[in-house]
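K.L.:
Put chain W on the given structure of chain Z with help from the hints.
Protein chains in written order, with our numbering: chain Z, 1 to 333; chain W, 1001 to 1571.
If you are wondering where the hints come from, they were derived from the structure by calculation, not from laboratory data. Any given hint could turn out to be false.
To be verified - Under 10 Å between C-beta atoms, here's a sample of chain Z residues computed to sit facing chain W: (1) Asn21; (2) Asp22; (3) Thr23; (4) Gly26; (5) Gln30; (6) Tyr33; (7) Leu38; (8) Pro66; (9) Asn68; (10) Gln87; (11) Ser88; (12) Leu195; (13) Asp197; (14) Asp216.
Using N, Cα and C, we set each Cβ at its ideal position, and we do this for glycine too.
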Amino acid sequence: MKKYFLLAVFALFLTSCRKENDTYEGVSIQELYSDFLLLDNFKVDKDSVDFANGEKATFTAKFNKPVNWTITITGQTSKAKKIITGQSKTIDVSNGQWNGSTTEFPMFSKEHCVAQLTIDNVVDTFTVSTNIKSVKVNPGFIVADFENGFNPSWTKFVQSGANMDFNIKTDSLCPQGAKYLKMAGTVNWDYLIGLIDFPATAYGTPKTFPLNSNPDNVYFNCLIYGVPNTNESLVLFQFKEDEDGNGTYNNATTDDEYDYQITVNWSGWKLITIKYSDLVSLSNGQPATPHGNSVHNPDKLAKISMLHLANPANGFASSKLDYIIFTDAPLEP
Amino acid sequence: MMNLKRSFALLASVFILNSAVAQQQRMVDFVGGARSIMTNNQLMVHDSLADTSTVKRNTGGYALIDLGVNIRPNSTTEILGTFRIRNNYGGFWGAGVTVDVRELWLKGIIGNIVRYQVGDLNLKQTPFTFYNHHADRFDSLPSVFALQNDIVGYEKFYSNNTWRQQGANVDFGFTFSKWIEEINFSAYTTRLNASNFSTIPDRLFSGATVNIVQSKHFEINYNVASVFDVKGTASASNNFHNNVNTVNTSYGSSIGALDWKISGEAGQSDYAYSEAPDESDLSDYFIYAKGEINWKAKHLSINGGYLNVGPDFRSIGAQSKDVNYSALTNYYERYTNSQSLRPYSLYDLLSNDAIYNTGISTSTAAIDASINNVMPYGIATFNRVGGFAGLNYSNPKGYYLTATHFMLNEIRGQGTTALKDLNSTEINACVEVNKLLNFKKTIKVQGGVTYMTTARSGNITLEDVDLKTTKYQVGAEVEVSKGLDLLFGIVSLDTKGNEFIAERNQYTVADYFNKVDYKLNESITAYGVRYRFDSKIYICGLFQHTKYTDDMHTNVNYAVDQFSLIYNMTF
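Bound conformation, chain Z alone (with noise of 0.2 Å):
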């Protein structure tokens, strides 16, 4: 037995001695540190790319070796921007493909475009431009955009403080389309600024919010602008569900409330995103039981409200708010 076994043991000793001294792992070093090289020119595939019926643009490039790459497409008009990054040693329709989307807004709008490519550690830039012939569209239920100023059906509530400001506004800020709604004031005795109510009636729907019925597939998304240098906002969304169907939402008793509350303390705008089923419950911004089911039921949503808060005892707060929109995943704005 003894000798058996010894002998097994020697002849996996023997057997395992390997090396592989004629292949490596990975990318060349070598190469991969060598000088750089543009082996084929930056270029884009569309003079005008028509992004409205789902045409994309394909930029593509080949280096000599792999190098970490970084596409920034600006419109000339608008200056939004889109920003593509990657490590590779080609760009092609895997990795450099554009369909329209935003990184940095405004949005972008049917305008000439500049793409830069950067390269890592390499001083010179490439530049290659294209047109935008029709801009992207986004699938989704617009709950407000502002670009048709305030829906009769909708609700405001304005408090009386100082330097109130609560409107639509038209000016070079506004991320998407023309127009973006302003929410400022001073209100030293409340939290509240001002709210604005959705209800699901103000779009012609009969009594809910036309969603799916999964809240898995339902997101909600708006962009919010925080102001520089002005104290926190909080901008607060309340998601008032119709349980019993009786057209109104009742929350002392028999209706669920889902809430999201988001603290603006960035400045720009930001694009703000979250699924419908991640919603929570808050009272006093502290996590509540909801009064109905306890179920999230998108395709009983009947209304929304959008509340402006800020701590009363800082003063002045201000924020903006456009483009709120339900879509089936998250917003590629």
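P.N.:
Relative to the frame of chain Z, chain W by itself:
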């Protein structure tokens, strides 16, 4: 779990005994622990411009209690549920209070044959199938550092190289009167991640061991460990699997005063995604063989062996790391005027549970070449071949010495056909002075040093690698009065040279090599006073000075002074 090889007879007798005792014992026990840590910290940033952005001083801490309810409804069933209540100091009206379920399991025996446990499990199998290697851990830590390091282990459920999992396991065995003494079976299934019903499928980890004990001299095991996605649990169809099959065995006997043993393990792995590129379909084998001679009369044992782990050998249960070098430290997380992320230091490695994992990962965990470049995934590190030797001297009079040396090479080059030589030497020693001098009160001196080298002579100079790491720790523990200890210790890490660190994609394939130069020196000096109320309760005041110096100026140098008051008890 898998090492508990018990026969049916043994299991039956244990439970018969248990049931007899249970008649007289309470059916419900409370177990658990409590801890309070208060800290006062001071950060010093040695930047060319004074750092005016970082708040340098902070105080904080927490108190927690882990309350476990151990219920034995009958003689063959046991249930444990542990709740944790934690309050951060400074929490206002309970705002900092959290209540969690820390542990929940149920175990028992079916028909006096099959033992089972469901819920939380601490699992390990073999070093190549399922094992928490703690590869970057400082062995033989002085007591002054072990206090906080033990808390990290407790928080992350690290015990004896196990990983904490949730699932079920069973084991049972049979005894025989002829040819074979025992055959034992054990198996487990755990859930690594839950499906999100779209992109992430349910991922399970299952394993089994068949253990055949021929005699007290010879035993052999067959092990299988398999991680796999459950088809149909997500709309995405890129399913993952990693199967590892191994055989391990040991044969031992005596020659005169010497006990000797030969042991080893060999096996094969297969790692693939169903819709990934072909090059991500990896399969390979490993061989590990070890011989040991134990001279009991002289308290000396020596060992030597051979290790060959293929470059494409993947075993996520054995190659996951306890340290997550990508994690945020949650402690002076950002510093300098530019508020850059503070690089983790020895302090984080020894005391900060925020950078430690509880679970295993299917991708290759990030390594830190400055800490361990030779075997970052323990002996299961892929792409290593070579030998090792070690000795262990343990004199009951009060002095201990262990030494190990690994002399390894790569099997396949990384970005070049030239191969690296990797060597590691580790020596740890401890002297219990009180035993030597016949004192009753503890006087203990500990020390250890680890020296690691990585070298590659490339086909061109650019490919050359030369990296040297020296780690040492020394410490002392002196009991000045009954239960009252003075503690002291230093740990240090010094790394110099260069290395190309592989960036691996989600399929564990290297797709980039980052050239990194090191001139790094880190140290912690610590002093402490501890009072032990008994073996399970202590209070300790601890002062630590941590120093981080990166002379390549990749990171800004810093130091941290910390005073902490730790109260710890288990019950």
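K.L.:
So, for every hint listed, does it hold in this structure?
P.N.:
Tested hints:
Because the smallest distance between the Cβ of asparagine 21 (chain Z) and any Cβ of chain W comes to about 6 Å, under 10 Å, the interface hint for this residue holds. The closest approach between the C-beta of aspartate 22 (chain Z) and any C-beta of chain W is roughly 6 Å, which is under the 10 Å cut-off, so the hint is satisfied. Proximity of threonine 23 (chain Z) to chain W holds as hinted, the smallest CB-CB distance being about 6 Å (cut-off 10 Å). For glycine 26 (chain Z), the interface hint holds, since its Cβ comes within 10 Å of a Cβ in chain W; the closest pair sits about 4 Å apart.
Interface restraint check for glutamine 30 (chain Z): the shortest CB-CB distance to chain W comes to about 6 Å, inside 10 Å, so the restraint holds. Because the beta carbon of tyrosine 33 (chain Z) sits about 6 Å from the nearest beta carbon in chain W, less than 10 Å, this interface hint is met. Interface restraint check for leucine 38 (chain Z): the shortest CB-CB distance to chain W comes to about 19 Å, outside 10 Å, so the restraint is violated. The restraint placing proline 66 (chain Z) at the interface with chain W holds, with a minimum CB-CB distance near 6 Å, inside the 10 Å limit.
At its closest, the beta carbon of asparagine 68 (chain Z) sits 9 Å from a beta carbon of chain W; the interface hint therefore holds under the 10 Å criterion. At about 7 Å, the closest approach between the beta carbon of glutamine 87 (chain Z) and any beta carbon in chain W falls short of 10 Å, and the interface hint on this residue holds. Because the closest C-beta pair between serine 88 (chain Z) and chain W is about 9 Å apart, less than 10 Å, the hint holds. A distance limit of 10 Å between C-beta atoms decides the matter here; for leucine 195 (chain Z) the minimum to chain W is near 27 Å, and the interface restraint is violated.
At about 31 Å, the closest approach between the beta carbon of aspartate 197 (chain Z) and any beta carbon in chain W exceeds 10 Å, and the interface hint on this residue is violated. At a threshold of 10 Å, the smallest CB-CB gap from aspartate 216 (chain Z) to chain W is about 7 Å, leaving the interface hint in force.
Consistency with the previously given hints fails for numbers 7, 12, 13, ordered from lowest to highest.
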